[in-house]
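Undergrad: Here's the letter readout for the chains.
Number of protein chains: 2
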Amino acid sequence: MRLSQLFTRTLKENPKDETSLNAQILMRAGFIDKIGAGIYTFLPLGLRVHNNICRVIREEIDAIGGQEILMPALTPKEYWQITGRWENFDALFRLKGGDNRDYALGATHEEIVTPTVQRHVFSYKDLSTAVYQIQTKFRNELRSKAGLLRGREFSMKDLYSFHTDQKTLDAYYEIAQKAYFKIYERLGLLDITFLTYASGGAFSKYSHEFQTVCDAGEDTIHICDKCKVAVNQEIIEEQSACPLCGNVELRAEKAIEVGNIFKLGTRFSEPFGFNYLDESGTEKPVIMGCYGMGPSRIMGTIVEISHDDGGLIWPEEVAPFKVHLVSLRQNEATDLLYDRLQKAKIEVIYDDRDLGAGEKLVSADLMGCPYRVVVSAKTLAEGSVEIKKRTSQEVELVKLGELINYWTK
Amino acid sequence: MRLSQLFTRTLKENPKDETSLNAQILMRAGFIDKIGAGIYTFLPLGLRVHNNICRVIREEIDAIGGQEILMPALTPKEYWQITGRWENFDALFRLKGGDNRDYALGATHEEIVTPTVQRHVFSYKDLSTAVYQIQTKFRNELRSKAGLLRGREFSMKDLYSFHTDQKTLDAYYEIAQKAYFKIYERLGLLDITFLTYASGGAFSKYSHEFQTVCDAGEDTIHICDKCKVAVNQEIIEEQSACPLCGNVELRAEKAIEVGNIFKLGTRFSEPFGFNYLDESGTEKPVIMGCYGMGPSRIMGTIVEISHDDGGLIWPEEVAPFKVHLVSLRQNEATDLLYDRLQKAKIEVIYDDRDLGAGEKLVSADLMGCPYRVVVSAKTLAEGSVEIKKRTSQEVELVKLGELINYWTK
Numbered sequence: 001m002r003l004s005q006l007f008t009r010t011l012k013e014n015p016k017d018e019t020s021l022n023a024q025i026l027m028r029a030g031f032i033d034k035i036g037a038g039i040y041t042f043l044p045l046g047l048r049v050h051n052n053i054c055r056v057i058r059e060e061i062d063a064i065g066g067q068e069i070l071m072p073a074l075t076p077k078e079y080w081q082i083t084g085r086w087e088n089f090d091a092l093f094r095l096k097g098g099d100n101r102d103y104a105l106g107a108t109h110e111e112i113v114t115p116t117v118q119r120h121v122f123s124y125k126d127l128s129t130a131v132y133q134i135q136t137k138f139r140n141e142l143r144s145k146a147g148l149l150r151g152r153e154f155s156m157k158d159l160y161s162f163h164t165d166q167k168t169l170d171a172y173y174e175i176a177q178k179a180y181f182k183i184y185e186r187l188g189l190l191d192i193t194f195l196t197y198a199s200g201g202a203f204s205k206y207s208h209e210f211q212t213v214c215d216a217g218e219d220t221i222h223i224c225d226k227c228k229v230a231v232n233q234e235i236i237e238e239q240s241a242c243p244l245c246g247n248v249e250l251r252a253e254k255a256i257e258v259g260n261i262f263k264l265g266t267r268f269s270e271p272f273g274f275n276y277l278d279e280s281g282t283e284k285p286v287i288m289g290c291y292g293m294g295p296s297r298i299m300g301t302i303v304e305i306s307h308d309d310g311g312l313i314w315p316e317e318v319a320p321f322k323v324h325l326v327s328l329r330q331n332e333a334t335d336l337l338y339d340r341l342q343k344a345k346i347e348v349i350y351d352d353r354d355l356g357a358g359e360k361l362v363s364a365d366l367m368g369c370p371y372r373v374v375v376s377a378k379t380l381a382e383g384s385v386e387i388k389k390r391t392s393q394e395v396e397l398v399k400l401g402e403l404i405n406y407w408t409k
Numbered sequence: 001m002r003l004s005q006l007f008t009r010t011l012k013e014n015p016k017d018e019t020s021l022n023a024q025i026l027m028r029a030g031f032i033d034k035i036g037a038g039i040y041t042f043l044p045l046g047l048r049v050h051n052n053i054c055r056v057i058r059e060e061i062d063a064i065g066g067q068e069i070l071m072p073a074l075t076p077k078e079y080w081q082i083t084g085r086w087e088n089f090d091a092l093f094r095l096k097g098g099d100n101r102d103y104a105l106g107a108t109h110e111e112i113v114t115p116t117v118q119r120h121v122f123s124y125k126d127l128s129t130a131v132y133q134i135q136t137k138f139r140n141e142l143r144s145k146a147g148l149l150r151g152r153e154f155s156m157k158d159l160y161s162f163h164t165d166q167k168t169l170d171a172y173y174e175i176a177q178k179a180y181f182k183i184y185e186r187l188g189l190l191d192i193t194f195l196t197y198a199s200g201g202a203f204s205k206y207s208h209e210f211q212t213v214c215d216a217g218e219d220t221i222h223i224c225d226k227c228k229v230a231v232n233q234e235i236i237e238e239q240s241a242c243p244l245c246g247n248v249e250l251r252a253e254k255a256i257e258v259g260n261i262f263k264l265g266t267r268f269s270e271p272f273g274f275n276y277l278d279e280s281g282t283e284k285p286v287i288m289g290c291y292g293m294g295p296s297r298i299m300g301t302i303v304e305i306s307h308d309d310g311g312l313i314w315p316e317e318v319a320p321f322k323v324h325l326v327s328l329r330q331n332e333a334t335d336l337l338y339d340r341l342q343k344a345k346i347e348v349i350y351d352d353r354d355l356g357a358g359e360k361l362v363s364a365d366l367m368g369c370p371y372r373v374v375v376s377a378k379t380l381a382e383g384s385v386e387i388k389k390r391t392s393q394e395v396e397l398v399k400l401g402e403l404i405n406y407w408t409k
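Respectively, the protein sequence lines represent chains D and A. Residue 203 in the UniProt record's numbering sits at position 203 of the first sequence, with consecutive numbering throughout. Residue 73 in the UniProt record's numbering sits at position 73 of the second sequence, with consecutive numbering throughout.
Fair warning: there could be bad hints in the mix.
[Claimed, not checked] Quick list of simulated restraints, FRET-style, between CB atoms:
#, chain 1, residue 1, chain 2, residue 2, range
1, D, E270, A, R9, 17 to 27 angstroms
2, A, G84, D, L277, 55 to 65 angstroms
3, D, E332, A, K178, 26 to 36 angstroms
4, D, N14, A, K125, 20 to 30 angstroms
5, D, K389, A, G84, 47 to 57 angstroms
6, D, I404, A, K125, 31 to 41 angstroms
7, A, G356, D, Q177, 32 to 42 angstroms
8, D, E279, A, L11, 22 to 32 angstroms
9, A, L380, D, S199, 51 to 61 angstroms
10, D, I404, A, Y406, 34 to 44 angstroms
11, A, E347, D, E185, 28 to 38 angstroms
12, A, L11, D, K254, 50 to 60 angstroms
[What the hints assert, rightly or not] Within a straight-line C-alpha distance of at most 27 angstroms, the following computed DSSO-like cross-link-like pairs (lysine-lysine) qualify:
#, chain 1, residue 1, chain 2, residue 2
13, A, K34, D, K77
14, A, K388, A, K399
15, A, K409, D, K345
[Stated by the list, open to error] Short derived list, chain A residues pointing at chain D, Cβ under 8 angstroms:
#, residue
16, L70
17, T75
18, G98
19, R119
Quick caveat, the hints were computed from the structure, so don't treat them as lab data. Backbone N, C-alpha and C fix where the C-beta goes; we use that ideal spot for every residue, glycine too.
When you get a sec, could you build the whole thing from the sequences and use the hints?
TA: Following this line, the structure appears as structure tokens:
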């Protein structure tokens, strides 16, 4: 993509009507636009990042047998009444339709996925199975001042698994945990993300959150440095020790919840009467698990933990482009390199604008692509371009003929 | 994908609580699930079709310079008040937030895209530009009985273009028209889709709809067979002649509106004060166009026009899989073919279930993939498999070693 064509622009200063750091930088860099408190538009660069995060999640959830579907956001009241959550779910946006029926905007989808899978799954032979979507969700937050960390509208990957018994649920729950850590690894969050023990329900002592240590986090977690796990605030008030080793010297940190997994047991299958026939022909309730992860919140988290005064610093898997190609008034030569990079399938944004070096280099830092390639009269005189990683201060001169090899060799 | 793994199943009969033909067949084939009137879940096979339609649209809109963004569904009342549509837009879902503010669920996005682009575009040098999204929209329909043709929640590609003057808008409007016809061609709808003259606004005599002739359509169009264009019902009541050639012998047909394009002029830029600086430094209002197309409605339209008693008949570009591979109790040999097809990047669904030939062939017809490949003891005895196109009654025997070449040669 040529920057001269991109309709968005970077801002010189942080926007005044935004207090959250992640949204400030993303707005300054032209990645998102604010529509209201907790409501944002993803601009072209921001949408590319969001789509990359979704792609990583999709690949890892597909790899553990998740079957992708897409459920509606508009969900009739009747479904929520069956589980008793119409009245009790605080953050539910409720609205009335022209058909005089009541609807909720989906804040979670147990009420929809359970009867949907119920219409297709009847026998133990059909189980286990796992179904997910990546979809827009809505929560009627009283306050929403944390940018992409807590939106009134946000994206969510929600996976639901269905089993004949506790044992197969437990096994899948372990598999999902591993997939979650693979995702955090690919997104550059692994080292600071902790499996965190949280309250369970009727069906298991604990559920688990995945918490990324970050000062902007709204949660406090208590880390056991021996076991590399944590407990959340709610649990620490009941038992002030690591649930694995009993260690009481836990380290408190602010953290962002970037995922949660929960053994639902029969909490939803029972009210919907979702039973299966076992091998002897006996009806038994289906055992369920659910696994949430928010791509837009993860995008905000990456910004919070990976930026500097110059702007964004994207990990390679999520960067809007791998290479930020800057022409310092050498568009003729740089056009050729741009073509060559595109032919080599290297994702590149090309700053072909009629601007000075200072403004262009500031833009490149702000946008945060992993590799900056500068083409100037000086580098061309040496038959070279200048490559700088966003994470480094060092500059390398690379011969024009070696440029593609730099990434593909 | 193996059918034994897919959690959905086909139904023997049409669902009782659904009256629309497209939704009946899609539900029977396990492509969608009904949540409420005009509200559906896309199941794995249906989501693949929907994604394919979106991919085709995205490719063609990217090709005419559309820059993809993603706007929110939750839109604050203030934006709609600026244009006077808060009170006047009939089908708007309105709701109140916990912050005591009023919101609308986006039924269209002129009110959001205009101020967003305004924050980034200031000069004639930034224009023309075009911005689009593929996103979930909501309309508070009183009745919703047409399946995917008229959902309360549905998908929409909405493109908006921004120009310095009428001339550049007119030129882009022509380019968009051509892109729309390319899309209909790829989706198998070209021959029965007519550019249809509809009422314009303050800024042009006509707008245009794209209408696909179909008995299930809610609209009536009047076709000029000389010019291969049509006029809609509203226009025919004012002027009962072809706007191009004056022909009064127009042929009335039921049709489905599968797209519409509209010259907005300054209808939205003026209330938002969206001006640009021209070459002389004078402020002038930006001239806009908008271009809508609904992927979910197009999916319903394809079903309405392309099915038979046996079930769905997908055009190749949108089919959930290219090949429906059926093993008639020959899974060992068929597993090898399945691997070979996957390695050749041919999208294949493999019926490896423990069922009889009758049930499997009925499933294949119902799901409607373009090519059915049957592997039986009889075909294997001849070192062959049997290939049948979904659109044909004829069966071909193809040697095992020639199978991949059948599509790739």
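Undergrad: Against this structure, judge whether each hint is valid.
TA: Outcome of the hint check:
1. D:E270 - A:R9: 17 to 27 angstroms: holds (23 angstroms)
2. A:G84 - D:L277: 55 to 65 angstroms: Given about 59 angstroms between the Cβ atoms, the range holds.
3. D:E332 - A:K178: 26 to 36 angstroms: holds (32 angstroms)
4. D:N14 - A:K125: 20 to 30 angstroms: holds (25 angstroms)
5. D:K389 - A:G84: 47 to 57 angstroms: holds (52 angstroms)
6. D:I404 - A:K125: 31 to 41 angstroms: holds (33 angstroms)
7. A:G356 - D:Q177: 32 to 42 angstroms: With Cβ atoms ~41 angstroms apart, the hint holds.
8. D:E279 - A:L11: 22 to 32 angstroms: holds (25 angstroms)
9. A:L380 - D:S199: 51 to 61 angstroms: holds (57 angstroms)
10. D:I404 - A:Y406: 34 to 44 angstroms: Holds, at about 36 angstroms.
11. A:E347 - D:E185: 28 to 38 angstroms: Check passed, 29 angstroms falls within 28 to 38 angstroms.
12. A:L11 - D:K254: 50 to 60 angstroms: holds (51 angstroms)
13. A:K34 - D:K77: holds (15 angstroms)
14. A:K388 - A:K399: Holds. A:K388 to A:K399 sits at ~14 angstroms (cutoff 27 angstroms).
15. A:K409 - D:K345: Holds, at about 25 angstroms.
16. L70: Holds - the Cβ of A:L70 comes within 8 angstroms of chain D, reaching about 4 angstroms at its closest.
17. T75: This interface hint holds because 7 angstroms falls under the 8 angstroms limit.
18. G98: Since the shortest Cβ distance to chain D is 4 angstroms, the answer is holds.
19. R119: Holds, about 6 angstroms.
Violated hints are absent here; each numbered hint is respected by the structure.
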